[in-house]
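**Q** Take a look at the letters that make up each chain.
There are 2 protein chains.
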Amino acid sequence: MSDDTTRHHDHQAPRPDCPSCPDRRDRRAGISRRRMLSSAGTAGVAGLVSGAVAGGTAGYAVADRAVPVTAVGATAVPFHGTHQAGITAPPQAQAIGHLAAFDLARGTGRTEAAALMRRWSAAAKAMTQGHAPACDDQIALDAGPCSLTATFGFGRTFFTRTGLTHRTPAALVPVPRFPSDAIDPKRSDGDLWIQIGADDPLVAFHALHVLQKEAAGAAEVRWQMSGFNRARGATSHPKTVRNLMGQIDGTGNPKPTDEDFAAKIFVPDSGHTDQAWMNGGSYAVVRRIRMLLGHWADLTRTEQEEVIGRRKGTGAPLSALKGAAETTPMDLNKFTRNGSLAIPADAHIRVAAPESNDGAAMLRRGFSYHDGYRTDGTPDAGLLFITWQADPEAFIKVQTKLDGADHLTRFIRHESTAVFAVPGGAAPGEYVGQRLLEG
Amino acid sequence: MSDDTTRHHDHQAPRPDCPSCPDRRDRRAGISRRRMLSSAGTAGVAGLVSGAVAGGTAGYAVADRAVPVTAVGATAVPFHGTHQAGITAPPQAQAIGHLAAFDLARGTGRTEAAALMRRWSAAAKAMTQGHAPACDDQIALDAGPCSLTATFGFGRTFFTRTGLTHRTPAALVPVPRFPSDAIDPKRSDGDLWIQIGADDPLVAFHALHVLQKEAAGAAEVRWQMSGFNRARGATSHPKTVRNLMGQIDGTGNPKPTDEDFAAKIFVPDSGHTDQAWMNGGSYAVVRRIRMLLGHWADLTRTEQEEVIGRRKGTGAPLSALKGAAETTPMDLNKFTRNGSLAIPADAHIRVAAPESNDGAAMLRRGFSYHDGYRTDGTPDAGLLFITWQADPEAFIKVQTKLDGADHLTRFIRHESTAVFAVPGGAAPGEYVGQRLLEG
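Residue numbers (full-length UniProt numbering), protein chains in the order written: chain A, 1 to 439; chain B, 1 to 439.
Hints are computed from structural coordinates only; laboratory data are not their basis. Keep in mind that this is a model prediction, so the values were computed, not measured. Think of the CB as a built atom: it goes at the ideal place given N, C-alpha and C, for glycine as much as any other residue. There could be a bad hint or two in this list.
To be verified - Here chain B is said to cover these stretches of chain A; the calculated rule only asks that three of the stretch's residues, wherever they fall, bring their Cβ under 8 Å from a Cβ of chain B:
(1) 201-215
(2) 218-229
(3) 367-373
Said to hold, decoys possible - Per label pair, the in silico range of CB-to-CB distance:
(4) A:G377 <-> B:V173: 29 to 35 Å
(5) B:D184 <-> A:G404: 41 to 47 Å
(6) A:A325 <-> B:D260: 54 to 60 Å
Work out the full structure, taking the sequences as your base and the hints as a guide.
**A** So, in structure tokens, the structure goes:
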């Protein structure tokens, strides 16, 4: 067997004995095993939190038993809803992320694309709820859902290739090339996009693998990238984490408690938009931003803090007094005793601030990445930058400003770019994108 | 700034304001933050486990609060000991693994290699105990140790390049090429090897990045691979997990309760070996095994089970009755009612069994990997196979048999190979390998 191309079996005709199309009995067994796990997880009082947490540094044996063995595994994020999961749910960014863009295969039109979205939605619904998908490879047979989400989006080219150009949202403009960009077109754009997030690496791989196999014949992987955040249960500080420059990242994100939080991120469900199928949806801007970690390490800590505008240890803005916290508001008009701006004129947080951009704001929810080493010995590492906004114009406005004025630009390289229209969540019985494809 | 090679600062002369060489005050702050975390973790009764575990599938919000936020982060694996960590400790394979082989730079002899091992040991000791290393980039400044381990080994070429050929252990033989191998020499072998394991992706990256930077000038990355296992807290079944073929893997591993467990894995501390510096050490065989997942998916479940010799769902051997468990002993002499062997003659577990190999056994403790897609659309995915044994002869004996007779061989490709002498653990005050380099 010297040829190892994939020969996909026929998804239309499941064979009872096929490992990828398990018979009903096997599927039931898989589900009941998961239910058992869930029951174990709720043996206490479901919905209430036990205050007692053992653990500590006394040795791994102690903490090993102290970790609830199924709490991470049993956590499920609802699939159906006004918005797709993976944007504001779960509230904490998942530990593992896979991004994959697909291009439609030749001969795939609107009908075939609709069938693909139906298959993808069914598989995503099953897996995110801890069930085996219809055509399963059983990699995650006894794993819980582990906060799995799968979020689907459409690139501009999707509309032309499926004869739906007239339904392209006006907001789905191409992101312009910025002067400092070093974009690889092969790792940019794409007809379709999936963002997978999960708190378990095996569950995340399984979801990616199943969705890729479901695409067989209809769409092919154009590019795929993987990244990470902190593990669940590893930190008491889950909402903002350090990026690979060692800086606390995400401090300036809109907060769910902000009055205009939803309006900034989601297309209003008001019928006033040009394409009603996007109501409740959002736009994702996806960019691979490599960090020049060698250059960065050559700076002193004070120099690094001046590039960002925040203290490295605490994340507090440089305008704040010692002892201030990450959440202390920045004061862009504060001067030091020497008469210079406390937050320098070219500091990242000043140039990126909504105050500097007519209030433009977006929700950043990305993943760090590390893909080995470059030939010069530096890590190929950085940030899979993902922002969510009701209109990509918010990103374009801020990035236009950053590219010219942000000191940080000298320590990063934008290597890929894409923007996707991410429709609202599917209602029960619906698949994601149905209002576009059958509307 | 168009050139982005790494310019390493001088490690011999820490600058107080350098982000990679924090001053004492900053280092103290880092440590006390971690101590605070630990105290929070042990607020209950340290060493005792709270029985109450909330969670369940009611929704992510519930389980979010149910996960003890620092239990995973605060878990520390001791650095000092008879054996290095990362072989049998922690007891559960870590969620994230990085393997990196280094070649010594020109001009690096025994003295410089000893200095490197001293720097690596100091950095590993600090990071595994949740402290900042001497030259830190602060990526994991407020992260706990997260079960971090760093395990160091020496390849055959290390001895010749440092003038220590006479101290090469007799057991450190080159692993022969097997007929089915498809080995890439550039991803094989190496003078030095580090295995990093941690339950948190950021902590694992940080350790790899710090150790690579500490090597600057003395050794360069030859190859680097990354992999994963289940997340901590995701599963109630942590010792054996499904591999990317969907099979439960590791069932046949020696158990710590076996009478001869230590003797199989570690070089006896008896002074009878040819190289006393290896007492308490072990040998690591490291192979990247790609799985031909397309071919695999073409088999029916029954066919897959016959390749392995175990049921896919439960992991029970095919010789066992229905309802048997993964732990049910296999019966190699069992026949089916049709008169054929219940575990086929070429089934993986039969050919690999100690009973088929004069008792040869080794501890497998690897990581799954997925490095994107190949040009034919199949995932570049499989197993970073790592076995630990008191003598690599055990691996060679079993692999020689497997390569000719194991049905599984047709569904995998061994793409890299390496073997390393992994010395015993450092005593307090010692660095790893000191008994070789200064003995």
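**Q** Against the structure, test the hints numbered earlier, and report the numbers of the ones violated in rising order.
**A** none
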